[in-house]
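One letter stands for each residue in the lines below.
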Amino acid sequence: MQSLRLRAIIALAVVLLGLAFMLPSLPGVKDSSLGKILPGKGVSLGLDLKGGIHLTLGVDMKTAMDNSLARLGDDLKASAREQEVYILRPTVLDESQIEVTLIKGEQKDTFESVIKDSTPFGIEQSTPLEGDKIKYILSVSPKYRSEIEKLTMEQAIKTIRNRIDQFGVAEPDIRKQQDNRIQVQLPGLQDPERAIKIIGQTAHLEFKMVDDSADLKKAQQGILAPGRELSSLLHRQANGSYTESPIVLKKDAVLTGEYVSDAQVRLDQWNTPYVSLTFNARGGKIFTDLTADNVNKRMAIVLDGKVYSAPVIRERISGGSASITGNFTREEARDLAVVLRAGSLPAPVTILEQRSVGPSLGQESIDNGVMSAMVGMALVLAFMVIYYGFSGMVADIVLILNIMLIMGGLAAFGATLTLPGIAGIILTIGMAVDANVIIYERIREELRRGLSASQSVAEGYGRATLTILDANVTTVIAAIILYQFGTGPVRGFAVTLTLGIITSMFTAIFVSRILFDLYLKNRSDNAKLSI
Amino acid sequence: MGLQIIKPDTKIDFVGLRKIAFIVSAILILCGLGSLLIKGGPKYGIDFAGGMIVQVKIDKATDAASVKEAVKEVNLPGLVVQSIGLEGDHEYLIRTSSSDITSEEVRAKINKALTDNLGASFEIQRLEMVGPKVGADLRSQALEALFYAVLLIAVYISGRFEQRWTAAAVMAAALGGCVYGLGLLDLDMGWLILAALFITVGLCWYLKLNYALGAVAALIHDVLITVGLFSIMNKEFDLTIIAALLTLVGYSLNDTIIVFDRIRENVIARQGKMPFGQIINLSVNQTLSRTIMTSGTTLLVVLCLYIMGGSVIHDFALALLIGITVGTYSSIFVASPILYGFGPSELKAAEEED
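Line by line, the protein sequences are chains A and B.
Numbering that gives the first Met the number 0 puts the first sequence at residues 0 to 530.
Numbering that gives the first Met the number 0 puts the second sequence at residues 0 to 353.
Read the hints as simulated data drawn from the structure, not as lab findings.
None of the values given here were measured: they were computed from a predicted structure.
A portion of the hints provided could be inaccurate.
[What the hints assert, rightly or not] Straight-line C-alpha distance at most 20 Å; calculated SDA-like pairs for lysine to any residue:
no., chain 1, residue 1, chain 2, residue 2
1, A, 157, A, 179
2, A, 175, B, 140
3, A, 149, A, 57
4, A, 527, B, 3
5, A, 76, A, 103
6, B, 111, A, 240
7, B, 6, A, 303
8, A, 49, B, 56
9, A, 527, A, 446
10, B, 132, A, 385
11, B, 132, A, 134
12, B, 132, A, 215
13, B, 56, A, 190
14, A, 249, A, 215
15, A, 196, B, 100
16, A, 196, B, 123
17, A, 49, B, 122
18, B, 108, A, 241
19, A, 142, A, 128
20, B, 6, A, 82
21, B, 234, B, 41
22, A, 40, A, 24
23, B, 132, A, 249
24, A, 61, A, 178
25, B, 234, B, 29
26, B, 108, A, 154
27, A, 134, A, 100
28, B, 132, A, 103
Modelling step: build the complete structure from the supplied sequences, incorporating the hints.
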């Protein structure tokens, strides 16, 4: 038997530590002078309690792959041209292959060395065609592919983080998940619709020349000259909806959003907002040359495949800036500026899962949770005192300590409290007295057998402790598995349940024993025990 | 001594009541299974089936039908509107199945439809959208969790109850082997869990792990009845219900362990001096007070959670309420009689000699 004093000191130290971590969670303590000297910031609340949005985004990796293969194909074409080797437009076959045709067969060796030296491609297959052409199927290695995937994910996360930062949300949580997914958590947001629009927009900005000589009717039937594409020009109506009209563009973008260094909302002379773009040095030069070469032609400003405007270039535009007009509302213009400043996503993202909770429901959940915890606790406390008398009071004291330790533990480990987490605590209130009940019933049995109070207490604790320990193992196993497989709120439940079981064993077995020993210390052997 | 619900000399013949208990259990299980069969399996919530729910709180009294009428024009697939929470809350859940419409479009449209048609102010409190792919992922994750829980707990209790860790190791190896083999067949996770359960029961029986057999049978009993009652009540299964079921697994075993421990203790203390049936009766009676006290306090708090916890947590609390009640019943009336039925042969033999 360890010395009573030592055990009391250990218990007191643990309880004080728990108290120090728990107190900042209480309203009023955190900001007071006491809150400043206490460790930790109190328990952090989950999105279901403080309100906010939880999003799971899926990155369209196939498009990302196709895009980067197309880019590599263009690079290959350019590198070949430097050696005066000409190839036909490279086309992407599937996620890791492209097809190119070499025009002059005799340049085979030069072309193949270009492929080898300046691209990540390997030659999969080459077939001679009639007219001295050679068709090549090129592919990238799986390692290169996974490299691209990794970069795509990183860039997507960076872009989303940039956008959220610009949008101004406190403590966003953005993390990569398996299967090309990104999880975004935005606490306490008032306008989920807008946030999602800003996060989810690809914002792929391109400038393309308009082919006004093309026949629109034929184009709509699918007859297009090579290197041309059919797109739609948006017209915003007074009620905010859009109508579309067909427009034929030259496929190759002359300039893209990559060269944009800044985007701001401005107002024109009729007070209609528009987005003013500033190019970086290289983009500015390209834009100046482009406008100089194409005076009196139309240039389309394409965002995510839709043409927002297609103004006629009146003169050479120097100074490195352009504007996007489209009868935007002020808010739309501001959001567009945000996404353009933050850069485009490397691939389209889709929202696979969304859970948003309004702040009022969150508060309601907290109030309900606290209310049911209070009432449940009061009932259990009363029940224990009525049933076990003095010993019931001991059980009540350790139960209160237990709840305090759970809260302190949550704060100390930086765990998040969710609504199911609160349910876990409430469940613990009911289950924690189990340890006391087992011990007390055993003590009663020993008393009935005629043992003295202190003997019965010793016997009761001694026999019941092992039973309590391993009866709880199964619940802990279930909780650990829940934690492993669960998501967000369910994890919170697993955490509070596990923590509750551990702290309840400490308080019910260790602390309550100390209280009994203190009570019985100076009493005679035949003292009565109220149990 | 304070109050005593159960008098110390209580002698209820639980083993004698086993036939009635088995009939009650069988009826409950069959009703649940019947409901599951008729309804074509459990009713999945959006977590598992995919789809969308929008929870609105309306300022004045109305009913689900008028809310449904108000949002009808939005043309949502599989539209269901139900009233949730307590009477005076005026909270409604608008549910739709998966579709191509984005969640934000739905939010905007519902907002507009309610503003136009309801003539009361309201608030969209919660919106959850789960895509079909994520739904399928969550479903397999939940099943995987249940599966590993069954696996780990089966191994733990087979070793734990009879201190036969060699048998437990055999159990673990056999279970692992069978599951690996079945896994190669690319079976659905649900079938895998069923298979694992049957293998567990079979192995317990074969290895004569009688205590473990009783515990596992009680566990399956509790979960089956809870799932069945949920199906009869037309409640949906979502992630939190799975959490509740796993908690029940832990709780049910906890209860059974306490009773079985006492049985073992009494078997050792009264080696051969008392028939096994009487030992079981004695042990269940000795622990009855504890069983009822603990279930009582736990049910008390869960009832508080059910009544006052709010709409979001309502079904979770209900699952716990049912499960804990059934779990308490099973540790008294199901687990121990099964142990008696399959009981340690040497003890039964001793009994027959009496």
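Is the hinted pair residue 6 (chain B) and residue 82 (chain A) satisfied, with a Cα-Cα distance of at most 20 Å? violated, 101 Å
Straight-line alpha-carbon gap residue 196 (chain A) to residue 100 (chain B), limit 20 Å: Within the cut-off at roughly 14 Å; holds.
Is the straight-line distance between the alpha-carbon of residue 234 (chain B) and that of residue 29 (chain B) 20 Å or less? With a Cα-Cα distance of about 18 Å, the restraint between residue 234 (chain B) and residue 29 (chain B) holds, given a limit of 20 Å.
For the pair supplied as a hint, residue 108 (chain B) and residue 241 (chain A), confirm whether the alpha-carbon distance does not exceed 20 Å. It holds: about 17 Å lies between the C-alpha atoms, which stays within 20 Å.
Between residue 132 (chain B) and residue 103 (chain A), is the straight-line Cα distance small enough, at 20 Å or below? violated, 48 Å
CA of residue 40 (chain A) to CA of residue 24 (chain A), is that 20 Å or under? holds, 7 Å
Need the status of pair residue 132 (chain B), residue 249 (chain A): alpha-carbon distance at most 20 Å? The hint is violated at about 37 Å.
For residue 196 (chain A) and residue 123 (chain B), compute the direct alpha-carbon distance and say whether it is at most 20 Å. holds, 18 Å
Are residue 108 (chain B) and residue 154 (chain A) close enough, with their CA atoms no more than 20 Å apart? Roughly 33 Å between the alpha carbons, so the hint for residue 108 (chain B) and residue 154 (chain A) is violated.
Decide if the proposed pair is consistent with the structure: residue 234 (chain B) and residue 41 (chain B), CA atoms, cutoff 20 Å inclusive. Holds, at about 9 Å.
Given the proposed pairing of residue 527 (chain A) with residue 3 (chain B), does the C-alpha separation stay at or below 20 Å? Roughly 17 Å between the alpha carbons, so the hint for residue 527 (chain A) and residue 3 (chain B) holds.
For a C-alpha distance cap of 20 Å, please report whether residue 6 (chain B) and residue 303 (chain A) respect it. violated, 78 Å
Figure legend: structure checked against the earlier numbered hints; hints not met, in rising order: 7, 10, 11, 12, 19, 20, 23, 26 and 28.
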